[in-house]
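Enquirer: The residues making up each chain are set out below.
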Amino acid sequence: MDGLEPLKKKYLDGIMAASDESALEDLRLTAVGKKGEVALKMRELGKMTPEERQVAGPALNALKDEINSALAARKAALGDAALEERLRTEWLDVTLAGRPARQGTIHPVSQVSEEVTAIFADMGFSVAEGPQVESDWFNFDALNIPPEHPTRTEMDTFYMHRAEGDDRPPHVLRTHTSPVQIRHMQEFGAPCRIIAPGRVYRADYDQTHTPMFHQVEGLALGTDLSMANLKWVLEEFFSAFFGIKVKTRFRASHFPFTEPSAEVDIQCSWVNGQLRIGEGDGWMEVLGSGMVHPKVLAAGGVDSDAFQGFAFGMGIDRIAMLKYGIPDLRAFFDSDLRWLRHYGFSTLDQPNLHGGLNR
Amino acid sequence: MKFTLSWLKTHLETEVPLDDILYALTDLGLEVEGVENPADALGDFRICRVIEAKQHPNADRLRLCRVETWPNGPDAASEEVQVVCGAPNARTGLVGVFAPVGTHVPGTGVDLKPGVIRGEASNGMLCSERELMLSDDHDGIIDLPADAPMGARFIDYTDRNDPVIDIAITPNRPDALGVAGIARDLAARGLGTLITPAIETVPGTFASPISVSLNADVKDGPCALFVGRYIRGVKNGPSPQWVQDRLRAIGLRPISALVDVTNLMTYDRNRPMHVFDADKVAGNIEVRMAKPGESLLALDEKTYEFDGTEVLICDNNGPESIGGIMGGLASGCTAETVNVFVEAAFFDTIHIAAAGRKHKINSDARYRNERGIDPASAPVGMEMATRLIQEFCGGEPSELVIAGAVPDVARSYKLDTDRVSSLVGMDIAAVEQERALTALGFTIDGADVTPPTWRPDVQGPADLVEEIARIASLTKLEGKPMARAEIGVTRAILTPMQRRETAARRQIAALGYNECVTYTFVDHASALMFGGGEDCTKLANPISSEMSHMRPDLLPPLLQAAARNQARGFADLALFEVGPAFQGGEPGQQLMQASGLLVGYTGPRDPHGARRAVDVYDAKADAEAVLSAIGAPAKLMVQRNAPGWWHPGRSGQLSLGPKNILAGFGEVHPKVLSAMDVKGPAVAFTIWLENPPFPKAKSATRPALVISDLQAVERDFAFVVDETVEALTLLNAAKGADKALIADASVFDQFMGAKAVAQMGEGKKSIAISVRLQPKDATLTDKEIEAVSAKIIDKVEKATGGVLRG
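Chains A and B are the protein sequences, given in the same order.
FYI, the numbering used here numbers position 220 of the first sequence as 225, with every residue one higher than the one before it.
FYI, the numbering used here numbers position 767 of the second sequence as 779, with every residue one higher than the one before it.
Calculated directly from the structure, the hints in this document are not laboratory data.
Keep in mind that the hints are not guaranteed to be accurate.
Unchecked claim - Partner residues aside, some chain B positions facing chain A, computed with beta carbon under 8 Å:
#, residue
1, Asp475
2, Lys492
3, Thr502
4, Gly597
5, Asp618
The model shown is predicted, which means the values in this text are computed figures rather than measured ones.
C-beta atoms are modelled at their ideal positions from N, C-alpha and C, and glycine is treated no differently.
Sequences and hints are given; from them, build the entire structure.
Expert: In structure tokens:
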């Protein structure tokens with residue numbers, strides 16, 4: 006068929022030159038629309054011989070396809086150009102801050118309590134609890150602390166008000182987590198392995214003391230547990246807690262509820278005023294411990310001829326201060342937003358052993 | 013407990029260096045709290061000679077001294093130094109004490125520098141006793157005998173090189189409150205030989221004119237023994253210099269020979285004693301319990317009134333001394349005292365502690381008597397004190413006056429030498445165990461071990477193990493692995509409640525709150541505002557009125573924390589705490605709460621307009637998120653009867669049924685905010701963590717998920733209702749229209765206020781809800797949808813009295 010080449014050239018050039026979608030649509034109609042030039046050519050096929058048709062038909066179809074492709078390509082190109090142009094105008098100052106979102110934090114006492122729990126859980130200790138308003142029997146007598154013991158004075162211990170006519174001895178705010186030992190032994194007996202973290206209270210308020218603080222108690226009873234096991238448990242604990250091999254030193258001491266009793270120091274050094282746990286040849290006192298006194302076992306209803314074991318108590322706030330370099334105990338309970346943000350922990354940072362306990 | 017090294021060496025023969033002694037003390041349980049070594053402060057002061065002292069050319073009161081000094085000690089070469097000195101006794105030939113340039117002078121607190129005084133060089137100082145803090149004397153410089161060793165250290169020459177050791181004594185070791193007891197421990201450890209001098213008796217030459225009786229109310233307990241002795245013809249005055257030096261070194265003030273003897277006895281042997289001026293004692297002495305209302309002017313010049321629980325030493329005039337605690341002023345010794353009556357008694361620790369505590373008397377005597385004195389020390393202590401008094405003051409002793417008897421404290425325990433190994437985990441040979449006990453004064457008869465009279469703390473076989481391990485040194489203890497209780501993977505150990513507490517804590521923090529740990533006691537006014545403040549939650553001895561009552565709720569301390577932060581310039585806060593609140597004063601009357609407090613705006617000012625004031629719906633959403641995190645049921649009642657610290661119209665309680673309240677939420681009452689100095693708005697929630705039931709299902713399997721492939725249909729409806737109609741009523745009615753088909757219904761708009769009134773009339777509002785229909789068997793037809801819609805409209809109109817908005 007004659008004249009297809011000029012036709013093709015005319016439209017392809019036209020499509021290339023089209024500057025918007027409506028021009029393209031006009032071109033489409035005049036070229037491949039129902040009444041367009043290609044359609045008109047198609048109609049001429051009917052007048053042709055079969056041989057002519059065999060040549061002209063495919064040629065026309067090819068032309069139609071080519072023009073349609075060109076139209077589509079141009080349309081896409083124009084679309085891209087228009088989008089690009091629009092995006093050019095959609096500039097925003099991305100140095101502006103995003104929408105503010107509050108960042109919550111976990112208090113160091115909670116975090117460290119969970120760390121302690123994770124470590125002792127691996128050694129088979131479960132978590133026991135007890136009331137914070139406690140009877141003086143659980144807090145003192147059951148722990149072999151006699152009535153005249155100096156810690157039972159109002160100088161050291163908070164007593165609850167006792168109503169007129171109520172002749173029971175006044176309750177106390179527990180001065181240590183040790184009464185949980187008695188409650189646990191009474192309920193579950195021996196053998197056992199527990200820790201008991203929680204709030205404790207002493208009538209003391211100065212630079213380094215607050216009237217409330219946190220302790221974690223430990224109690225393990227068995228048939229053959231010895232102080233050597235205690236030392237191993239504590240060294241395992243401190244090494245996991247501080248993330249470095251920590252040696253302990255046991256020193257003879259006295260607590261009414263253990264016998265023998267030992268103060269436990271951990272290895273440390275001071276470098277340029279900074280404390281380093283687990284190195285050097287200095288020692289720092291961190292807890293009191295010992296073998297559970299037979300009278301304490303008796304108070305807990307445990308047969309001291311059949312069972313023996315160890316107990317310890319340490320300050321959660323204190324080991325938190327040591328590990329995370331927090332200088333002032335009083336600030337723990339002041340709720341200063343700056344402190345909470347600085348020393349707090351991310352909510353997703355839940356302590357576990359497989360992820361490690363060092364942040 | 014303070015003592016000097018030289019004092020220790022009167023009981024312990026040892027050549028062991030000081031540091032080893034200090035280490036052993038701490039290791040033995042006698043923890044060293046401090047050491048003052050005079051060499052640290054005074055080691056640089058050496059004896060010198062003034063070659064020539066002449067008038068300062070430019071100052072009348074100053075002298076120019078050429079001083080021969082030995083900067084490197086007596087064996088090295090001497091050096092001449094010029095010193096300007098203002099002391100009147102600075103003279104040619106004086107032997108004095110020289111401090112070179114660079115020395116820190118303790119009496120003035122100044123580091124000596126080379127100086128020029130009125131035009132003359134001065135390189136060092138000739139010192140007075142005050143400059144060395146030896147006395148208050150600064151009338152002149154120290155003037156030593158001419159034969160003093162030139163160049164020697166002053167502290168060596170004057171025997172002042174005597175470290176003062178301060179140790180902490182645990183309550184079980186009264187015996188270590190005397191230097192003799194400390195030496196015994198060290199000797200048992202192997203640090204030397206115990207050389208405590210034996211006490212020789214002093215025969216009395218006459219019968220005491222004062223007799224002693226123990227009243228029936230004391231002799232079987234409060235005071236079982238009183239040993240007395242009359243000594244006539246004493247001459248009281250200052251005690252010998254060595255006694256004064258010894259007492260001063262440990263921080264005691266020498267008073268007079270008679271009083272100093274009792275202090276020596278106290279610190280050397282832990283044997284408290286009292287010396288009465290016998291001429292001021294009327295008649296004989298009786299030891300008895302106080303009568304209520306009696307009083308005594310004591311040595312501390314305070315008057316104590318007794319209630320009948322105190323042990324008193326009395327004469328015909330009444331009380332003369334509070335037994336074992338403090339003597340009376342009237343019968344005390346003075347410089348004029350000529351005849352004395354000396355007391356060594358044994359008191360029961362409980363009475364001493366109670367009386368001392370009640371009258372707030374902190375005397376050395378109380379401290380020791382309430383910890384337990386060796387009862388056997390009364391008679392022998394009296395002999396030693398007699399000897400000292402005779403030596404210092406002369407006089408003639410009477411025969412002993414003994415009322416009561418030395419209590420029999422003898423008891424014995426079986427020594428099981430394997431016990432050290434099984435209980436402590438140390439292997440110590442049986443002979444060494446016996447040696448250690450013997451060295452500590454225990455007597456061993458076969459397997460029976462009797463503790464010495466000075467060890468009231470030893471009360472059972474475990475104490476023997478403790479003593480053996482202590483002497484052997486726990487430092488040597490080696491750790492031994494503790495086997496797992498069960499073989500295999502560690503079991504979960506937290507209780508459901510413990511997990512719930514952690515989940516609540518971490519969820520609230522995830523909602524953007526900062527966790528606080530606040531004091532569990534608050535002031536009375538705050539406790540009252542939050543439904544607490546009853547007497548049963550009151551502390552009998554609060555540390556301050558700000559901490560007088562157990563908190564009934566976590567919000568008061570959180571609001572106080574918010575006020576403190578606002579005062580520091582932080583207006584917008586999200587604070588929370590998980591902890592106990594107290595319903596009463598009995599053990600167990602504490603509930604675990606989780607409370608969150610939002611104050612001010614949702615965030616700082618921002619360019620996006622995202623910030624808005626916090627409101628009740630923030631608190632509600634957060635409360636619901638926490639309840640969901642701890643596994644509370646999703647469908648809860650909303651009640652309006654929240655307690656008085658909430659805004660009455662903008663608060664609610666989420667409950668399971670009418671009784672089981674799981675949470676409260678709302679705006680904090682404006683009165684509470686103003687009382688607690690918090691600038692609002694402030695909204696909060698409190699969750700009672702124990703209240704939601706724990707799921708019963710033991711299996712981890714979830715119910716099968718049922719989802720439909722059929723198209724769900726959403727239809728919106730708006731109703732005009734009275735302003736007071738609650739959205740939940742409307743939603744519940746809509747959901748009830750077809751429980752099978754209606755998957756969900758929610759409010760998406762609320763139209764109220766002036767414009768709404770203009771359109772719909774006074775007291776009206778419009779609530780728009782979206783209802784989601786989820787077919788289960790076949791796609792819904794228009795007809796079915798219309799039928800459900802009609803039912804929804806009908807139900808809502810009936811339930812609320814409202815109408816579909818046209």
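Enquirer: Give a verdict on every hint.
Expert: Structure-based check of each hint:
Against a cut-off of 8 Å between C-beta atoms, the interface hint on Asp475 of chain B holds, since the closest Cβ of chain A lies about 6 Å away. Interface hint status for Lys492 of chain B: upheld, as the beta-carbon distance to the closest one in chain A is roughly 4 Å, under 8 Å. Using the Cβ-Cβ criterion of 8 Å, the hint placing Thr502 of chain B at the interface with chain A is satisfied: the shortest such distance is roughly 5 Å. For the restraint placing Gly597 of chain B at the interface with chain A, the shortest Cβ-Cβ distance is roughly 5 Å, inside the 8 Å limit, so the hint holds.
This hint holds: Asp618 of chain B has a C-beta 5 Å from the nearest C-beta of chain A, less than the 8 Å allowed.
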